[in-house]
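J.: Residues per chain, in single letters:
4 protein chains.
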Amino acid sequence: MKISICGATGYTGEELLRILASHPQAEVVHITSENQTGADINSVYPHFGHIYHQTLTSMEQLDVVAKDSDVVFIALPHGHAMDAVKTITGHGKKVIDLGADYRFADTSVYEKWYKVPHTHKDANAVYGLTELFREKVKHAKILANPGCYTTASILALTPLVKNGLVATDSIIVDAKSGISGAGRGLNQTYHYAEATENLKAYNIGGHRHTPEIEQALSEFASNEVVINFTPHLIPMVRGILATCYANLKPGVSAEQVDDAFVSHYDSEYFIRLLGRGGYPATKNTRGSNFCDIGWHVDKRTGRVIVVSALDNLVKGAAGQAVQNMNVMFGMDELTGLTQVPLYL
Amino acid sequence: MKISICGATGYTGEELLRILASHPQAEVVHITSENQTGADINSVYPHFGHIYHQTLTSMEQLDVVAKDSDVVFIALPHGHAMDAVKTITGHGKKVIDLGADYRFADTSVYEKWYKVPHTHKDANAVYGLTELFREKVKHAKILANPGCYTTASILALTPLVKNGLVATDSIIVDAKSGISGAGRGLNQTYHYAEATENLKAYNIGGHRHTPEIEQALSEFASNEVVINFTPHLIPMVRGILATCYANLKPGVSAEQVDDAFVSHYDSEYFIRLLGRGGYPATKNTRGSNFCDIGWHVDKRTGRVIVVSALDNLVKGAAGQAVQNMNVMFGMDELTGLTQVPLYL
Amino acid sequence: MKISICGATGYTGEELLRILASHPQAEVVHITSENQTGADINSVYPHFGHIYHQTLTSMEQLDVVAKDSDVVFIALPHGHAMDAVKTITGHGKKVIDLGADYRFADTSVYEKWYKVPHTHKDANAVYGLTELFREKVKHAKILANPGCYTTASILALTPLVKNGLVATDSIIVDAKSGISGAGRGLNQTYHYAEATENLKAYNIGGHRHTPEIEQALSEFASNEVVINFTPHLIPMVRGILATCYANLKPGVSAEQVDDAFVSHYDSEYFIRLLGRGGYPATKNTRGSNFCDIGWHVDKRTGRVIVVSALDNLVKGAAGQAVQNMNVMFGMDELTGLTQVPLYL
Amino acid sequence: MKISICGATGYTGEELLRILASHPQAEVVHITSENQTGADINSVYPHFGHIYHQTLTSMEQLDVVAKDSDVVFIALPHGHAMDAVKTITGHGKKVIDLGADYRFADTSVYEKWYKVPHTHKDANAVYGLTELFREKVKHAKILANPGCYTTASILALTPLVKNGLVATDSIIVDAKSGISGAGRGLNQTYHYAEATENLKAYNIGGHRHTPEIEQALSEFASNEVVINFTPHLIPMVRGILATCYANLKPGVSAEQVDDAFVSHYDSEYFIRLLGRGGYPATKNTRGSNFCDIGWHVDKRTGRVIVVSALDNLVKGAAGQAVQNMNVMFGMDELTGLTQVPLYL
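If you're matching them up, the sequences are chains C, Y, E and F in order.
Just so we're aligned: the first sequence equals residues 1 to 344 in UniProt numbering.
Just so we're aligned: the second sequence equals residues 1 to 344 in UniProt numbering.
Just so we're aligned: the third sequence equals residues 1 to 344 in UniProt numbering.
Just so we're aligned: the fourth sequence equals residues 1 to 344 in UniProt numbering.
For the record, the hints were derived by calculation from the structure and aren't laboratory data.
Please note that a few of the clues may not be correct.
Note that the list lumps identical chains together, so a pair holds whenever it fits in one copy or between two copies.
To be verified - With a straight-line Cα cutoff of 30 Å, these simulated BS3-like cross-link-like pairs (lysine-lysine) come out: (1) LYS299 with LYS162; (2) LYS86 with LYS249; (3) LYS299 with LYS249; (4) LYS2 with LYS115; (5) LYS115 with LYS94; (6) LYS141 with LYS299; (7) LYS299 with LYS112; (8) LYS93 with LYS2; (9) LYS138 with LYS299; (10) LYS86 with LYS112; (11) LYS136 with LYS115; (12) LYS112 with LYS249.
Chain C on its own, in the form it takes in the complex:
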């Protein structure tokens, strides 16, 4: 299968290249970068030595890219995918967008939170949280790949919301992310000497993954869900941990909570249930497409606390994108995604 990547030198692009190198059906035909057009990918990322020998081209060649490809991954900043997607689908090719442009059913929500006009409102994109929307993904032509915080949060909360076990106005997601989530762009906050041995919250009440989580949970709830979402920056490279709080509805038992998770995820390869009392750790998922989930019922307060962990660059980005590609093209969903977590 012929694959191209628009925006191959950002961290998400790098991860797509890393994962696709082990995908037996994948052939990477074009990779683009507007800043480093003409460079060999090895000069940008020397760890690809003896693996990739490919020259970066420009989005100006997008027609050629689309013609030569079966599917194009877009790993660009939000606001930049819409024109590209029109061109690629115009050539009859499928697109997987790893940014936010196609994640919202209601494009006015996108416009409000991202401050960018949406120019492709009739796109009919499918939201690709694979485990929850697999049937739709199979037929997707434009696939909106979810955000990293979003994937961790929605996977943790959906069984509770769908089964009506929690008060939907009581949900709080306290999320923690490794620094790679901020991407490759330079910034004082991510300068080594200032980022290490440090810890802080940011964007309280205003992070753009909030409405994305609310949209998905609302789809499974009987009412509109509004949540608190607080992201934190953790001094490590990879990993997201979402600690999710909700008030159990009166009379809901711990066993009902257990059943909700087991019945929802037991047959999913990429979801590893650690059970009630289980403690996911980001390290156990590092470099892999797994999402680990554990939950706790606190009788003193009547709350359920769900903790989920995943690798923000894999299940939270490039891995899930490849998982969606596998589904879209009728391949075994696990193809190229069986890399063992790099615990050490």
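Dock chains Y, E and F against the given chain C, drawing on the hints supplied.
T.: Frame of chain C, contents of chains Y, E and F only:
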């Protein structure tokens, strides 16, 4: 002033030594360690070279220790302070206990959470969260120094609870701690290769700092406060960040929240208010006795989110202990505690 | 191919399991651990969830282990392999020992540096630095897998020594290793709070990899090579960087140095030459079987400086062991070893 | 004493501010920053909250700065000090330059290595490696503060060179530095996700601290010293470790080596000798002005290996600058420099 430390080789003991070395009134007369009795403190901690040249003695010499000292700091595991405190106070000397043994007014709460019988129920200890209980601290003979998570959480929430601005059954504290909080004892979880690049929650619903936070907040509230407290282990050495959530009572304005913090803390040197919208970062407090606080009002959900940051070994342990000592002995409260945070 | 691992719960054992999970010909039949006999490998290493479901057995079952296996990997502390190897080879099965017991042609060198009697002097083991001894590896029944520092140092220096370009009494190897090289055993030195943000040398003049490097280089030199080898502990998990110094013989040109490296390694997949002026970085090899090499000629001092980088747990241990297995069993040498470095 | 700092927002400037806050004689009167003129230092470095409340001014006000100060610290990139120094000394005030502009007795060496014309050749600056040149420092008007690598290397090697114990053409310094040494400027190499878990050498044969080390050692040797100096970037914030190799002259005993160090440094407070067989660790010096030194005699190879450790921002920059200030103004040399290392 003559000072001794029981349990000088743990991390809390080490920090006491570090801080007291810069305290102009302090003279360290005895330091004890049961594992390393007879060793020079320099052989245990070579960074004290050219600073301390002192031999570790044993608790078996506690009578001598007490006689030679004006105050004894106890930095032992919980359950080990009670006998020592009786001996020391029997010599008419003051004690500052950095463990949990004297933190609970109701000793049955201690016995329930710590699974140890309390053998000194009539101790009349004072709970030393200095900014909140300064008047009592002045007259303390037995000072119970608060826990690290506790200090961060109580300082963050007290202005809201005291002013009746939040629903006291809605409080959730999602706390994150550097690994030094777990002490010097060896454990697979804190082995470098497994602790770095990792993140997890632990003791959900069961951490022993929970009832300590509840006790202090209940004192300022009009009713019994029951909270959710979730600790997390962060791959860094020092620092605690507490992200605290509570539902604002109907009609409470953002300005009322601001006023509560400013009126409560504006004259406190060790509390730095970053204001509404402020983001504390643990790095800004590292090695110092500061606690930084910022708060956020989320109108979408009606919640207030307070974030506090401090150094778990300083304001969360040894620094606050010295602050309490200064108050107990009528010295300037800042003495020996003006070390600038080691940002880098 | 049926494979067993003696000592599967140490870091080297864990890496063998990680790598073999992606090896299309490998089937892991037995794994042993004397401390955790009877436990599921998932309870020891939860990151193997959904990948391995295997119970740890004991070395007491070694006869069964040997009978059921085509090859047995031994990942035990030095001194423990010799009895096991005799048993396994007694069953006509091949052995790959990742420890030091079979690395020395002259067993008295082993006995001198390791302070253990050698009880299997007629073993006829092959030293498995694959790129240098491939022909012998093909026919090995007992394969002595090299040490991590050793692999980095020997690969860096062999082209110079073999071509007679440097004074063999002038060689200094200043090596730096991530902390995983010290294994899973608990020790104050590797306790997170003490290992992070720290840097030190250790075992100067006495590290056991010294005679191993000298043995291999001497084989390629016209005389006995004696070197200085200084290991350092670096606050990171994976990676070795060896900075090697030698005096160029009079008249040797920079181009001769270049030729020595290119002619020696140009066709090797796992050796990536970065050329004269190139700077290997451990991150570029992380999780992979690559060794990256760059070199520098300093005309001011007449010295050549060679820098090599590799992952101590892969090319420096488990990866090279699998590479040797592939060669020993006539498989493509790259099988199961094409994992892309985890740069992030 | 009135002190100003030109370039107060770089890491060296920040450290000067940190140290001077605890210096009982110091009053900081002006701080400058060309990028952030007009800002409060607290908005640049919030950890200075409740400590400094000062507005950054510009070098355009240098006349006022000089008039108001007894001494001016210059913490600017090389090439920028010379004009400023002329202005400040023109006002009769002393200067301590933390950059390279005044470090070379032979300004043509500066011009060759730094590629900048030297415009102040008759400056009569004193090279401020305090322990070695204390008498000259007392009378300095322009003080050239040494580099970080330089201080570690020169302190390690001087006793050997001065006593003629080693072959001066055999010296190799393999040095390792924390990332703060690269300063606050943004660069992909120091981006958290790329700098952590990484290790590499750089500037082999060409680092500008090379001629500075050679100049100082040559002063103590009977001949011109030419060395190899290899710097490495270590994934930690603070600390330099220099591993120095030299061939002992025939007949030199280990005891002579011991004597050289002890007689040279035994009365120095900031030099802590760990003795023969001692292993300095950067963590033991963190945040302090100490330099720890240990040495090893390898009889197999006839070499001596000296290891020194210090904090690159303190003894390697701001701390030594304050030490020099103390000497220049006749104060106790330890004033303001007794901060205990922050081991944790």
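J.: Does each hint fit the structure? Answer for all of them.
T.: Comparing the hints with the structure gives:
no.: 1; hint: LYS299 with LYS162; result: both (22 Å within a copy, 26 Å between copies)
no.: 2; hint: LYS86 with LYS249; result: neither (46 Å within a copy, 49 Å between copies)
no.: 3; hint: LYS299 with LYS249; result: both (12 Å within a copy, 24 Å between copies)
no.: 4; hint: LYS2 with LYS115; result: neither (34 Å within a copy, 50 Å between copies)
no.: 5; hint: LYS115 with LYS94; result: within (27 Å within a copy, 54 Å between copies)
no.: 6; hint: LYS141 with LYS299; result: neither (46 Å within a copy, 38 Å between copies)
no.: 7; hint: LYS299 with LYS112; result: between (39 Å within a copy, 16 Å between copies)
no.: 8; hint: LYS93 with LYS2; result: within (11 Å within a copy, 44 Å between copies)
no.: 9; hint: LYS138 with LYS299; result: neither (41 Å within a copy, 39 Å between copies)
no.: 10; hint: LYS86 with LYS112; result: within (22 Å within a copy, 57 Å between copies)
no.: 11; hint: LYS136 with LYS115; result: within (28 Å within a copy, 54 Å between copies)
no.: 12; hint: LYS112 with LYS249; result: between (32 Å within a copy, 28 Å between copies)
Hints 2, 4, 6 and 9 from the list above are not met by this structure, while the remaining hints are.
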